[in-house]
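J.: Sequence:
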Amino acid sequence: MLCEFVQELRKLRKLSMESVENTTSFDMFKQYMHVRRPVEDELRDMLVHVNSTNHKALILLCGSAGDGKSHLLSYLGNADSEHLLNSFELYNDATESSAPSLTSIDTLAVKLSAFDDQHILEDDGSRMVLAINLGTLNNFIESEKGGNFSLLKKYVEENEIFSSYVRPNAYQEGSVFQHVSFSDYQIFTLCEDGVRTTYLEELLNKIFDQSQGNPFFKAYQTNSTCTLCQKCPLRHNFEFLFNPVHRKGIINKIVEVVIKDKAIVSTRDVLNLVYDLLVHPKFSYETFCHVGTSETQYLTEYIRCTTPMLMYELDDVSPLLNAIRRHDILKDRQSELDLDVTRFHSLENIYETFQIATANTPYEHLNETTRIAVLGGIKPVLKTLVYRFIVRTKEMKGESPESSSQKQFFEYIQYLYYQNSGNERKLSKLYEATKKAVMNWDGQFDSDTICIDDSNDKFWVLEQLQIKPSLYKAQPPTSGEIQRFSPTLKLRFKKSSDVVSDAAEISMDYALYEMVSAMRDGYRPTVQDKNQHTDFVSFVQQLIEFGNKGSRITLVPKDHEHDYKMVFEENDFGYEFKVV
1 MLCEFVQELR KLRKLSMESV ENTTSFDMFK QYMHVRRPVE DELRDMLVHV NSTNHKALIL
61 LCGSAGDGKS HLLSYLGNAD SEHLLNSFEL YNDATESSAP SLTSIDTLAV KLSAFDDQHI
121 LEDDGSRMVL AINLGTLNNF IESEKGGNFS LLKKYVEENE IFSSYVRPNA YQEGSVFQHV
181 SFSDYQIFTL CEDGVRTTYL EELLNKIFDQ SQGNPFFKAY QTNSTCTLCQ KCPLRHNFEF
241 LFNPVHRKGI INKIVEVVIK DKAIVSTRDV LNLVYDLLVH PKFSYETFCH VGTSETQYLT
301 EYIRCTTPML MYELDDVSPL LNAIRRHDIL KDRQSELDLD VTRFHSLENI YETFQIATAN
361 TPYEHLNETT RIAVLGGIKP VLKTLVYRFI VRTKEMKGES PESSSQKQFF EYIQYLYYQN
421 SGNERKLSKL YEATKKAVMN WDGQFDSDTI CIDDSNDKFW VLEQLQIKPS LYKAQPPTSG
481 EIQRFSPTLK LRFKKSSDVV SDAAEISMDY ALYEMVSAMR DGYRPTVQDK NQHTDFVSFV
541 QQLIEFGNKG SRITLVPKDH EHDYKMVFEE NDFGYEFKVV
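FYI, the UniProt record's numbering numbers position 431 of the sequence shown as 431, with every residue one higher than the one before it.
A portion of the hints provided could be inaccurate.
As the list claims (entries may be wrong) - Below, simulated BS3-like cross-link-like pairs (lysine-lysine); rule was C-alpha separation at most 30 Å, straight line:
#1 262 to 435
#2 394 to 260
#3 436 to 282
#4 331 to 397
#5 248 to 495
#6 282 to 30
#7 282 to 231
#8 218 to 282
#9 331 to 262
#10 468 to 490
#11 435 to 282
#12 407 to 394
#13 436 to 248
#14 494 to 436
#15 11 to 429
#16 14 to 231
#17 429 to 379
#18 262 to 558
#19 379 to 394
#20 111 to 154
#21 154 to 11
#22 407 to 14
#23 154 to 30
#24 206 to 282
#25 407 to 260
#26 426 to 494
Stated by the list, open to error - Restraint-style ranges between C-beta atoms, simulated for each label pair:
#27 380 to 478: 27 to 37 Å
#28 576 to 167: 24 to 34 Å
#29 356 to 287: 25 to 35 Å
#30 45 to 498: 40 to 50 Å
#31 45 to 4: 41 to 51 Å
#32 281 to 158: 42 to 52 Å
#33 326 to 569: 49 to 59 Å
#34 532 to 573: 44 to 54 Å
#35 346 to 287: 47 to 57 Å
#36 243 to 341: 21 to 31 Å
#37 471 to 194: 48 to 58 Å
#38 211 to 158: 42 to 52 Å
#39 297 to 192: 48 to 58 Å
#40 356 to 526: 15 to 25 Å
Hint data in this document are derived by calculation from the structure and do not stem from the laboratory.
Backbone N, C-alpha and C define an ideal beta-carbon position, used for all residues, glycine too.
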């Protein structure tokens, strides 16, 4: 039996009918779920500019699958009071073909015929907004049909639409082509004290707002007559997420996977995640009625179905949940957790520990309505399960102590903010750590000396290398919230002796940042590290070319019993060999 509450929650799933957008209609549910975000403001501004002219225009609304392009066009076309799209043709299904004999590329070429090279200069008043995934756009302009759209291709390349780095974008006066890219925006923004998650908070509030206008809350209330409702983990999960602090625990994990794993998380992914954190894949009314006859079985099933456990316990529910599982607090080695687990498993009655962890949550009723305090103390399987539940619940409540890895994560976010706000000088410590990682990549030697070859069994081959940061100065420093940014850092170094010289650049993601930070504290990279960070290996090789190996190299014995060096050095008469 499927309850009405679960049926309503299923609207959040990717596979639901509600996840399919249509530009010709926009029902009450979608209107309720709409949350305004910065990319909408950018598109509105673009439409206002185009509407103020009488010229033809093609606006590319770019992004990835499920990010909200179709939803935004549907909203602006059917529910917006400004009617900004009235003079535009909308096309938001660029992967479909209009006839069996045509591919999606063929169909797109037909749709865009007014903007091909042959017709682009005909000011026939054609206006279109094309919602298109970046991969599809790339396939189109590189295809045979795309050869007829060289001006469109030129626009895409000049504006670096496919670049992972964000560049300023504004209405281009006199251009037929304009674009707005969802990929320029994350689902959170940056500020000096961390991240702001206004959009995600408002989106989740749509689901958990305790008002009659919320269809999910109405279904929850209607379900209150269910015979299982007092013992139902699904219902208690919903109540648990009434609290904005607990919802913030979910949001923090989303931010973590976007930055640490460079995951692309769409609005559709977030809504699907909420469903997965409320409803266990195997949840059923009949199962809970059956296990209710055994208190140990009931508690085991109940705990497994709670939100803090659903976030980490199940495999392959969704790609986003798989990513979140990699960042389970139980995988973060902390001395406090080691002490906690030892203390917990020595208890025969867990009443007080469970009460503290679940205080002010719907899960706390278990202490009063069941014998979890005793059974959780003496049943090994249940006890292990309850411990994992307690640790994860405390994290979602914001009650876990800050770990060193969390501090490092916050430090990385600060660096992202400084770079994207043009405050490059605040990256000095990061540049110092990166320089140290470069110089010590294949071993630690004298100051300004780097190993350029460690393949010889007997000697390290060294050169002198003097480098310094080459800061990006194109963007003036700003303050306040940053809405458009890339989740990776860019660092550049050049020769110390040259005023003007070529610079070597590295794109530093969080995984590389972790390793550079570890090397700052004495860590030595392994073969596995070097295989993982091939981009950094190439960066080091680029910098080695800035050294003086053409005029001087030093050989250092790998056998530490020999305390000498051999130097080959160029002088006015050729090359000199000496032992020092």
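J.: Are the hints correct? Go through all of them and say.
T.: Consistency of the hints with the structure:
Between residue 262 and residue 435 the alpha-carbon distance is near 24 Å, which keeps this suggested pair within the 30 Å criterion. Restraint check for residue 394 and residue 260: the C-alpha separation of about 22 Å stays at or below 30 Å, so the hint holds. Among the hinted pairs, residue 436 with residue 282 is inconsistent with the structure: their alpha-carbon atoms are about 52 Å apart, more than 30 Å. Between residue 331 and residue 397 the alpha-carbon distance is near 18 Å, which keeps this suggested pair within the 30 Å criterion.
In summary, the hint linking residue 248 to residue 495 is not supported, as the alpha carbons are separated by about 45 Å, beyond the 30 Å threshold. For the proposed pair residue 282 and residue 30, the alpha carbon gap of about 28 Å is at most 30 Å, so the pair holds. For the given pair, residue 282 sits about 16 Å from residue 231 by alpha-carbon distance, which is consistent with the 30 Å threshold. For the hint linking residue 218 to residue 282, the alpha-carbon distance of about 24 Å falls within 30 Å, and the restraint holds.
Among the hinted pairs, residue 331 with residue 262 is consistent with the structure: their alpha-carbon atoms are about 20 Å apart, no more than 30 Å. For the suggested pair residue 468 and residue 490, the alpha carbons sit about 15 Å apart, so the restraint of at most 30 Å is met. Taking the CA atoms of residue 435 and residue 282, the gap is near 52 Å; set against the 30 Å cutoff, the hint is violated. Taking the CA atoms of residue 407 and residue 394, the gap is near 18 Å; set against the 30 Å cutoff, the hint holds.
A distance of roughly 37 Å separates the Cα atoms of residue 436 and residue 248; the hinted pair therefore is violated under the 30 Å criterion. Distance restraint check for residue 494 and residue 436: the Cα-Cα separation of roughly 15 Å lies within the 30 Å cut-off, and the hinted pair is therefore satisfied. The straight-line distance between the Cα atoms of residue 11 and residue 429 is roughly 48 Å, outside the 30 Å bound, and the hint therefore fails. About 28 Å separates the Cα atoms of residue 14 and residue 231, which keeps this hinted pair within 30 Å; it holds.
Between residue 429 and residue 379, the direct Cα distance comes to roughly 51 Å. Violation of the 30 Å bound is thereby established for this hinted pair. Distance hint between residue 262 and residue 558 is unfulfilled; the C-alpha atoms sit about 39 Å from each other, more than 30 Å. A threshold of 30 Å between alpha carbons decides the hint, and for residue 379 with residue 394 the separation of about 22 Å falls inside it, so the pair holds. Distance check on the hinted pair: residue 111 and residue 154 sit about 19 Å apart at the alpha-carbon level, within 30 Å; holds.
For the suggested pair residue 154 and residue 11, the alpha carbons sit about 41 Å apart, so the restraint of at most 30 Å is broken. Between residue 407 and residue 14 the alpha-carbon distance is near 34 Å, which puts this suggested pair outside the 30 Å criterion. Restraint check for residue 154 and residue 30: not satisfied, since their Cα atoms lie roughly 37 Å apart, outside the 30 Å limit. In summary, the hint linking residue 206 to residue 282 is supported, as the alpha carbons are separated by about 26 Å, within the 30 Å threshold.
Distance restraint check for residue 407 and residue 260: the Cα-Cα separation of roughly 14 Å lies within the 30 Å cut-off, and the hinted pair is therefore satisfied. Distance hint between residue 426 and residue 494 is fulfilled; the C-alpha atoms sit about 18 Å from each other, no more than 30 Å. Under the hint 27 to 37 Å, the C-beta atoms of residue 380 and residue 478, about 57 Å apart, miss the expected range. At roughly 51 Å, the beta carbons of residue 576 and residue 167 sit outside the given window of 24 to 34 Å.
A C-beta distance of roughly 30 Å is found between residue 356 and residue 287, which places it inside the suggested range of 25 to 35 Å. For residue 45 and residue 498, the Cβ-Cβ distance of about 43 Å falls inside the hinted range of 40 to 50 Å, so the restraint holds. A C-beta distance of roughly 42 Å is found between residue 45 and residue 4, which places it inside the suggested range of 41 to 51 Å. Between residue 281 and residue 158, the C-beta spacing of about 48 Å keeps the proposed range 42 to 52 Å intact.
The supplied range of 49 to 59 Å is met by residue 326 and residue 569, whose beta-carbon atoms lie about 50 Å from each other. Taking 44 to 54 Å as the suggested C-beta distance range, the pair residue 532 and residue 573 conforms, at roughly 46 Å. Judged by the Cβ atoms, the range 47 to 57 Å given for residue 346 and residue 287 is violated: they are separated by roughly 33 Å. For residue 243 paired with residue 341, a C-beta distance near 26 Å keeps the hint of 21 to 31 Å intact.
Residue 471 and residue 194 have their C-beta atoms about 24 Å apart, which leaves the hinted 48 to 58 Å range violated. In this structure the supplied range 42 to 52 Å holds for residue 211 paired with residue 158, their Cβ-Cβ distance being about 48 Å. Checked against the hint of 48 to 58 Å, the pair residue 297 and residue 192 passes, with Cβ atoms roughly 51 Å apart. Distance hint check: the CB atoms of residue 356 and residue 526 are about 41 Å apart, inconsistent with the given range 15 to 25 Å.
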